[in-house]
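Produce the complete structure using the sequences and hints provided.
Each number in our numbering corresponds to the 1-based position in the sequence shown with 718 added.
Everything labelled a hint here was simulated from the structure, so no lab data went into it. This one's a predicted model, so the numbers in the text were calculated from it and none came from an experiment. From the three backbone atoms N, C-alpha and C, an ideal C-beta is built for every residue, glycine too. Keep in mind that a hint or two might mislead.
[Unchecked claim] Derived Cβ-Cβ restraints for the label pairs, each shown as a range: (1) T764 <-> N786: 15 to 23 Å; (2) L788 <-> S763: 15 to 23 Å; (3) N749 <-> A769: 29 to 37 Å; (4) A796 <-> I766: 16 to 24 Å; (5) P768 <-> A796: 33 to 41 Å; (6) N794 <-> P768: 30 to 38 Å; (7) D752 <-> R801: 19 to 27 Å.
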Amino acid sequence: MKSNKLETSFPIGLGSVAENGELLDFSVAMNGFDAPVDVYLGYQSTAINPAEIYLFTESGNIQELFANGLTPWRKNSAEAITRCSSFQL
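This is the structure in structure tokens:
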């Protein structure tokens with residue numbers, strides 16, 4: 719849910735994986751920004767590797783932060799973002 723107030727903003731949804739399912743349906747919804755920014759989207763999974771953080775990339779891939787470095791999900795974005803994607807785990 720998009721909102722400028724922290725109390726009512728829920729910008730990320732995870733789908734069935736949040737309840738031990740095998741499908742990661744993630745949705746992201748954010749209002750726009752006053753100036754262009756880089757947006758980073760990542761997750762950590764103790765079931766896969768608790769010492770790693772995984773980042774979504776602009777090309778739709780998932781990469782390891784510590785092996786590949788910090789890569790933005792969206793570069794120079796000032797627009798509102800509404801995006802949904804699914805990944806089978």
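Hint check:
1. About 20 Å separates the C-beta atoms of T764 and N786, a value consistent with the hinted range of 15 to 23 Å.
2. The hint said 15 to 23 Å for the Cβ distance between L788 and S763, and at roughly 18 Å that hint holds.
3. At about 34 Å, the beta-carbon gap between N749 and A769 stays in the expected band of 29 to 37 Å.
4. The given range of 16 to 24 Å is broken by A796 and I766, whose C-beta atoms sit roughly 33 Å from each other.
5. For the pair P768 and A796, the supplied restraint of 33 to 41 Å holds, since their beta-carbon distance comes to about 35 Å.
6. Hint check: N794 to P768, Cβ distance near 32 Å, so the stated range 30 to 38 Å holds.
7. In this structure the hint that D752 and R801 lie 19 to 27 Å apart at CB holds, the actual value being about 20 Å.
Figure legend: structure checked against the earlier numbered hints; the only hint not met is number 4.
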